[in-house]
Structures are given as structure tokens and as C-alpha cells.
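Trainee: Please model the complete structure; the sequences and the hints are all you need to start from.
Number of protein chains: 2
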Amino acid sequence: MDQNPTRDDPTPAELLELRHSIDNIDAAVLHLLAERFKCTRKVGELKARLDLPPADPVREAQQIARLRSLAVTADLDPEFAEKFLNFLVTEVIRHHETIRRANPAAALSPGRANGAHA
Amino acid sequence: MDQNPTRDDPTPAELLELRHSIDNIDAAVLHLLAERFKCTRKVGELKARLDLPPADPVREAQQIARLRSLAVTADLDPEFAEKFLNFLVTEVIRHHETIRRANPAAALSPGRANGAHA
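If you read the sequences in order, they're chains G and L.
Going from the first sequence to the working numbering is simple: count from 1 and add 11.
Going from the second sequence to the working numbering is simple: count from 1 and add 11.
Possibly wrong hints are sitting among the right ones.
Said to hold, decoys possible - DSS-like cross-link-like pairs, simulated, lysine-lysine; straight-line CA separation at most 30 Å:
1. Lys94/L <-> Lys49/G
2. Lys94/L <-> Lys94/G
3. Lys53/L <-> Lys49/G
4. Lys53/G <-> Lys94/L
Claimed, not checked - A few chain L residues facing chain G, derived, Cβ under 7 Å:
5. Glu25
6. Leu27
7. Ala38
8. His42
9. Leu43
10. Ala45
11. Arg47
12. Cys50
13. Val54
14. Leu81
15. Val83
16. Asp86
17. Phe91
18. Glu102
Honestly, the hints are just simulated from the structure, not real lab data.
Even for Gly, the Cβ is constructed at its ideal location relative to N, Cα and C.
Mentor: Okay, structure coming up:
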């Protein structure tokens, strides 16, 4: 492997190694998120079955506080942790809306979708 | 634990269990992302040191294709996988911009920040 690459040969071994780690991490995260969406789908179904309110502000506040705190110990920006949770919640809402469109009889209440915060 | 909760007692055991799994997954993902940002920071430093171009469209295309493919096997929406990568890249760019502001002498080239796609 060329350790002194030029722009014609731009991928040094050190960069390849870092990219391999990034790819491994991305695969691990993606599979964990697949499990997370399984859980939030079950939460949505459970809340619908038990007629629990879709949104739960107390739970959401706990999740945000916990992730911000974990971020500090992991040397991550707490703002990023909160943005990340919001990113996932947006996706969960999208999942619920897809289910609702596919099955209007099982429509969730308007506003925030069931179990979005989980 | 009340298995037939009312709205005054809204957290059934099944919901608590799902939330616990979600919290475990979130902690795992957050710590993996901390490792990922360590890698992308090293990529940025390496590219600056070797005078490699910040953006690498070939690498980016490979990452997108790979994550979309992994998403299918994990039963996730490939669109979500691509959005997720974009979300991370945006954060990596923000990291690089923070470093650049803190150390203008080490300014990266304009446009996409060093190693954003990694």
C-alpha cells in the first residue's frame, strides 16, 4: 500500500483503515436502529390497544435528559444527542403515518403519532 | 405492575420493558457514534496532512450504496439509511467548521469540509 499517495493514487492505508472502521460502525448502528424501530412499532401497537395517549411529554423529557447526559460521558455534543433523538422520532412518526395510510381503520389520533417518543 | 393501566396509571409493564430496550439501544448507538466521530476527525486530520481533497464523491457513492443494501437486509427503508448517512455527514461538517473557527491557521478548503464523507 502506498503510504505517500499523490492525487492520482489518493487512498493511503491509514485512510482505508479508518474507512473500514467507519463502515463497521455504520453497519452496527444501522442494525441497532432496525431493532429500535421494531420496539417503537410495538410501542405504537401497544398504545393503540390500551388507548394510551400517543405523546408522552414526561417520557420525552426523560429521554432527552438521559441522552444529553450520556453524550457528555461519551465526549459527544449534547446538542447532537438531542438532534439525533429528534431525527429518530421524526422517522418513527413517518412509520406510523405509513401504517395509518395503509390501514385507515386503525387510524391513530391526529397530531403526534402513537408511541413516537416510545 | 399494573397490567391494565388507566390514564391515571399509564405505564404498563410491557411498555416499560420496550422503553428499557429502546434506552439500551440508544445508549449503544450513541457510544458507537462517538467512536465514529473519532474516526472522522482522524480522517479530516489525515486528509489535511496529506493534502487530499476534502470531498470524495466515489467514496460517498459507495457508502450510500452499501448502507442502502444493508438497510434492505435489516428490514429498514433504504431511504432512511441514506437520510441517516446525510445526517451524520452534516454533523461531521459541523465538527470541522468548529475546528476551523477555533484554529483559522488550519483552515480547510472552502466548500465541503475535510473528510466529511470519510
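Trainee: Next step is simple, just say for each hint if it's right about the structure.
Mentor: Right, here's what the structure says about each hint:
1. Lys94/L <-> Lys49/G: 19 Å, holds
2. Lys94/L <-> Lys94/G: Cα-Cα ~14 Å, so holds.
3. Lys53/L <-> Lys49/G: Violated, at about 34 Å.
4. Lys53/G <-> Lys94/L: The given pair, whose Cα atoms are some 23 Å apart, holds under the 30 Å limit.
5. Glu25: 6 Å, holds
6. Leu27: 10 Å, violated
7. Ala38: 6 Å, holds
8. His42: 5 Å, holds
9. Leu43: Given a least distance of 5 Å, the restraint on Leu43/L holds.
10. Ala45: 4 Å, holds
11. Arg47: 5 Å, holds
12. Cys50: 5 Å, holds
13. Val54: OK, holds: Val54/L within 7 Å of chain G, min 5 Å.
14. Leu81: 5 Å, holds
15. Val83: 11 Å, violated
16. Asp86: Given a least distance of 6 Å, the restraint on Asp86/L holds.
17. Phe91: 6 Å, holds
18. Glu102: With Cβ-Cβ at 6 Å, under 7 Å, it holds.
Violation of the numbered hints given earlier is confined to hints 3, 6 and 15; the remaining hints are satisfied by the structure.
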